[in-house]
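Novice: Residue numbers (this note's numbering), protein chains in the order written: chain A, 1 to 150; chain B, 1001 to 1150.
Worth flagging that the hints you see were computed from the coordinates, not collected in a lab. Positions of the beta carbon are idealized from the N, C-alpha and C atoms, including for glycine. There could be a bad hint or two in this list.
Unchecked claim - Lysine to any residue pairs mimicking SDA-like chemistry, simulated, CA-CA at most 20 Å apart:
no. : chain 1 : residue 1 : chain 2 : residue 2
1   : A       : K67       : B       : S1076
2   : B       : K1099     : B       : T1055
3   : B       : K1099     : A       : L119
4   : B       : K1067     : A       : S76
5   : B       : K1067     : B       : T1055
6   : A       : K67       : B       : V1139
7   : B       : K1099     : A       : E125
8   : A       : K99       : B       : L1114
9   : B       : K1099     : A       : C73
10  : A       : K99       : B       : E1071
11  : B       : K1067     : B       : R1031
12  : A       : K99       : A       : L35
13  : B       : K1067     : B       : M1123
14  : B       : K1099     : A       : R112
15  : A       : K99       : B       : G1032
16  : A       : K67       : A       : T8
17  : B       : K1067     : A       : R112
18  : B       : K1099     : B       : T1072
19  : A       : K67       : B       : L1096
20  : B       : K1099     : A       : S76
21  : B       : K1067     : B       : R1028
What the hints assert, rightly or not - Part of the chain A face toward chain B, derived, beta carbon under 8 Å:
no. : residue
22  : G75
23  : S76
24  : R79
25  : T111
26  : L114
So you can see what is in the structure, the chains are spelled out below.
Number of protein chains: 2
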Amino acid sequence: MTHHATRTLQELGYRLTPQRTMVWEVLRRTRGAHLSAEDVCAQVQADFPHVNLSTVYRTLELLVGLKLVRETCLGSDRRYYEVEEEVPHHHVVCGLCGKVEHLSDDSLQTTRHLLNHVLGFEMREATFFGVCRTCLSAVNEGEEEHHAHP
Amino acid sequence: MTHHATRTLQELGYRLTPQRTMVWEVLRRTRGAHLSAEDVCAQVQADFPHVNLSTVYRTLELLVGLKLVRETCLGSDRRYYEVEEEVPHHHVVCGLCGKVEHLSDDSLQTTRHLLNHVLGFEMREATFFGVCRTCLSAVNEGEEEHHAHP
DNA sequence: TCGTAACTGCAATATGTTTGCAGAAGCCAC
DNA sequence: GTGGCTTCTGCAAACATATTGCAGTTACGA
Chain A
1 MTHHATRTLQ ELGYRLTPQR TMVWEVLRRT RGAHLSAEDV CAQVQADFPH
51 VNLSTVYRTL ELLVGLKLVR ETCLGSDRRY YEVEEEVPHH HVVCGLCGKV
101 EHLSDDSLQT TRHLLNHVLG FEMREATFFG VCRTCLSAVN EGEEEHHAHP
Chain B
1001 MTHHATRTLQ ELGYRLTPQR TMVWEVLRRT RGAHLSAEDV CAQVQADFPH
1051 VNLSTVYRTL ELLVGLKLVR ETCLGSDRRY YEVEEEVPHH HVVCGLCGKV
1101 EHLSDDSLQT TRHLLNHVLG FEMREATFFG VCRTCLSAVN EGEEEHHAHP
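Build the full structure now, drawing on both the sequences and the hints.
Specialist: So this is what it looks like as structure tokens:
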């Protein structure tokens, strides 16, 4: 486990167990991905098969509470986790293929100011749902074909 | 049921059952709210207690498929439904009190263009997570109190 | 009014997440 | 190191949300 997370856990009086270390390591080495609790558990179990899913849930809850891990909203089906980055980013989700892309926080400065100005709202993160480039071209090709053969 | 939804259902060969009518009416008269399937079911059952939750789920699925109802993502806990408006809007969710506010689609034109330009992404809807005005002032008052009595 | 295909209610099931509890183990004091 | 105390884990059961199979009901065109 990286110095940072280790220190945080121990300084706050939490025990440094192998399970917690492994969950953290999985998230750290998959930086940029978005893993469900079950994904994390599967990766941990690849090395230590006896580790239990409920322990993974409890560990994720702990790490989220300590702001070491971020729980992101990519849809209503389940929860996804990733390490909390110094520079936050936002998510762009394709409703057709499910692909998730990132968007830098800088890009949303004007949107942040808008929300703050209009609603007095302090934006922490944003998720955009729509159709990605790839799926858009696929749809367009389909339309063209359809027009070609009415 | 309003002419529009009625026509759509019947023209497409779906049967116009009381259950479907009631689900639609509940959503229509709570315009602006965000109801879960269970919420809808409870409101329908207030008048017709025998109506089953699974029927509500099937009806919502149908109406969403016909684009008469929109399924919105306000977090990963469950799914919420509202009537599909002519002019779409976006959602602003407070992570502390859970309040949901609306944001007009117009406000996000530049954001939409940004996503299109940077990622080739066609944005359909956006959800912003953060802290609302009310909770922000509550937090600030708490801080002030804390500073006053260290 | 009748017949049929579509729809509903019910119960069972699937999937994701939480919890109670007994046993295991991290960590501090010695 | 060793002991002891408290936290943590594994397991199984519970819980919440959503889906499905099936038998009986019903909308609706003929």
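Novice: Which of the numbered hints above does this structure break?
Specialist: 2, 15, 17
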